[in-house]
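Starting from the given sequences, assemble the full structure and let the hints guide the process.
So the sequence lines, in the order shown, correspond to chains A and B. Those letters in the first sequence? Residues 152 to 394, per this note's numbering, in order. Those letters in the second sequence? Residues -10 to 66, per this note's numbering, in order.
Think of the hints as simulated: they come from the structure by calculation, not from any bench. C-beta: ideal position from N, C-alpha, C; glycine also. You may find that some hints are simply not true.
What the simulated footprint calls covered on chain A by chain B, stretch by stretch (three residues with Cβ under 8 Å from a Cβ of chain B suffice, anywhere in the stretch; the number is not a length) [as the list claims (entries may be wrong)]:
id, segment
1, 271 to 285
2, 314 to 322
Straight-line C-alpha distance at most 30 Å; calculated DSSO-like pairs for lysine-lysine [to be verified]:
id, chain 1, residue 1, chain 2, residue 2
3, A, 273, A, 221
4, A, 277, B, 63
5, B, -1, A, 273
Here's the letter readout for the chains.
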Amino acid sequence: MSDKKVALVTGASRGIGRAIANKLIEDGFFVVGTATSEGGAAAIGEALSANGAGKVLNVADRQSVETTLKSINEEFGAPVVLVNNAGITRDNIMLRMKDDEWEDVINTNLNSLYRVSKGCLKGMTKARWGRIINISSVVGTMGNAGQANYAAAKGGVEGFTRALAREVGSRNITVNSVAPGFIQTDMTDALPDAQKESLLSGIPLGRLGQPEEIASAVAWLASDGGGYVTGTTLHVNGGMFTG
Amino acid sequence: MSSIEERVQKIIVEQLGVKPEDVKSEASFVEDLGADSLDTVELVMALEEEFETEIPDEEAEKISTVQSAVDYIKAHS
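If you want it as structure tokens, here you go:
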């Protein structure tokens, strides 16, 4: 059992998730980071060392969620901060999109919120303190050609955020989304150069964001100082979308 | 050791902030004791803790009155 507040960050082996895990440790949380593979989970455990742990979790699988949450509760205590970060892309234009490309993205990026958040809410309700922070995307608001599946899931994440915030506010649990724009990660490194250039022309700050810049926003929402913010989506995108 | 009825009553008083004398066996949590749906879930969580048992969701949904809570605990302890 940890005497610190336990934070759970899904998809923490790289990119934005890893930066969030590191930042929350800095802020004094005990952080459990998850990855889909044993190797990924072991690497997280090593990186977080004494202030955290790595666990295998497939957010797309109900059984995996149940088993992993149970073991986290028993080993470290119930998480009171949940960062739903794990996500995938399977981009394709609609006319070519396959059923599994649609379903995998909805299942991993949206259905996972139902499973993992539900599993963590009991502990937060008991603690009368909780923070659920969902990593959305600017694409959920703006849309993006070739990402109808991803945009649908991320738009869903923001609706989920608003509804759950109203439901659990009375228990001092806040629920928010952070919507990154284009951040330098493996996910955006995979984009063709021409597409990156045209993207940059639409970003007033003229650069991609860094994972740490998303992590700061998440950490603020998790902090006591962010405690009066709930049901909202915080856009962190260099100005490419300004509501 | 207090009776199951007394322990259930004590939990209801604590969770819902009601007076002990209002916790009559036929009282409904929502209609008579002013609980909302989240309160009833928390009440079940508190019962699980007090009686060291796990109440499955489909059973929990049937626990809507003081008597039904007492009956459930008696049948499963």
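Tested hints:
| no. | hint | in the structure |
| --- | --- | --- |
| 1 | 271 to 285 | holds (count 3) |
| 2 | 314 to 322 | holds (count 4) |
| 3 | 273(A) - 221(A) | holds (12 Å) |
| 4 | 277(A) - 63(B) | holds (25 Å) |
| 5 | -1(B) - 273(A) | holds (21 Å) |
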